[in-house]
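Take the sequences, apply the hints, and build the full model.
From first to last, the protein sequence lines stand for chains A and B. The first sequence begins at 1 in our numbering and counts up one residue at a time. The second sequence begins at 1 in our numbering and counts up one residue at a time.
Take the hints with a grain of salt, since some may be wrong.
If several chains are the same, the list does not tell them apart, and a pair holds so long as it fits within one copy or across any two.
[Claimed, not checked] In silico BS3-like pairs for lysine-lysine, Cα to Cα no more than 27 Å straight-line:
no.	residue 1	residue 2
1	Lys32	Lys123
2	Lys52	Lys123
3	Lys98	Lys52
4	Lys118	Lys98
These are computed hints drawn from the structure, not numbers from a lab.
2 protein chains.
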Amino acid sequence: MATETPSLTAEAVLRRAADMFAQRGYASTRMKDIADTFGVTHAALYYYFRNKEQILIQINRVAIEGLMATARAVRTSQIPVEHRFEEVVRRHIEFIVKNQALVATLFDNEYALPRAHKTRLRKWRREYTEMLVEMFVEGQRAGQLSAVVSPQLAVALTLGAGNWTYRWYRLDGPIGPDDFALQSVRFLTAGFLARDAAPFTSPGGADGQGTRDSTHSDNRDGTGQP
Amino acid sequence: MATETPSLTAEAVLRRAADMFAQRGYASTRMKDIADTFGVTHAALYYYFRNKEQILIQINRVAIEGLMATARAVRTSQIPVEHRFEEVVRRHIEFIVKNQALVATLFDNEYALPRAHKTRLRKWRREYTEMLVEMFVEGQRAGQLSAVVSPQLAVALTLGAGNWTYRWYRLDGPIGPDDFALQSVRFLTAGFLARDAAPFTSPGGADGQGTRDSTHSDNRDGTGQP
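And the structure:
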């Protein structure tokens, strides 16, 4: 059997499974479906993974460790503190668009994780977000970064813009992932208001008042981590 | 049966089902589970919906029509063209945080839709995005909006930041949905760079070159719609 499947490694199984989960959903993918794409019986898969849940857990681990390693690398790098937040966002987006299926699996299947792993996932998310909030605050202190909202909300919205790219960025599209990540972070740093334009106040709906003080840095984000 | 279930309406079933899909996943929720929460047999549910897929399709319809109505209302409103994009983003975020479960169901279960509905969903997404791109371009023409990237990429990243809030904003948290939407759009318009700071060029990783021209408005976004 092994001679027919030179490419059947744990890493290859995880990548393939992530592709399949992303395409047809975790619940609708069977171990047998994954095995079929390698031309092996599903029994052969069990050598690597006890069941589908183990595959899901391992995919999450790879995605999380990848993102954590990225943030830690920036934190311990020679990059000046005032540029670290921008750089970590750039690398975050780069990681997402280069690992779309892994990230999709991480983002889309929390409900299917055993309770202990859900807890671990939340703990990781909090830790990751806190690292980025810290870098954001350092950037503010250095005078490089500003924000009309709290650092927590700024980080959450920024990560959200980056995270969502896993759903629409096309690796085979007109912009390569490195350039895409750089353009994205530059957009997020600059915003889209013209330099001399008046800041937005809502003309309809809500009152449009109450948040006109700038750079207040209390904890009034929507809570939770992105 | 009807006397026992005064609250069993199609609308109530959709809201309840969306809550359950968001909490435990679409695949893991049975018609019987939904019926149980109303204290009726699952046969009673069939009066409203032929099967679970029909519930999913109807939830999507409600969410999509809600967002489309929002965008169309802004487009035909008295709001000056230069402020329409900011206002539509504010309403987009407001809709998302006020309808988190509906939106979660819309975003998380595309794989489970019949092919014709997948196609319809993509068509809607394209239409919605195009409306917003149009408003963005109008804002640029009026001198209110700028952007260091294409309008398509600007809209995609902005909607991404807004969309992702369905995953972390807490309705029972410290900021109400109206204020949250307003703060968010103000952050996205202003970006987080200090006024006098130099624009970001990547100090590590990618070359950091190649995209320093500002406000080019060609089509070099990552393609697709958010």
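>> As a check of your reading, is Lys32 near Lys123 (CA-CA no more than 27 Å) within one copy, between copies, both or neither?
In response: Answer is neither: 33 Å inside a copy and 33 Å across each miss the 27 Å cutoff.
>> Within a copy, between copies, both or neither: which one fits Lys98 and Lys52 at a CA-CA cutoff of 27 Å?
In response: within (24 Å within a copy, 35 Å between copies)
> How would you classify Lys118 and Lys98 at a CA-CA limit of 27 Å: within, between, both, or neither?
Replying inline: both (24 Å within a copy, 25 Å between copies)
>> Cα distance capped at 27 Å. Does Lys52 pair with Lys123 within a copy, between copies, both, or neither?
In response: Close inside one copy (23 Å), not across copies (33 Å); limit 27 Å.
Violated hints amount to a single one, hint 1; each of the other numbered hints is respected by the structure.
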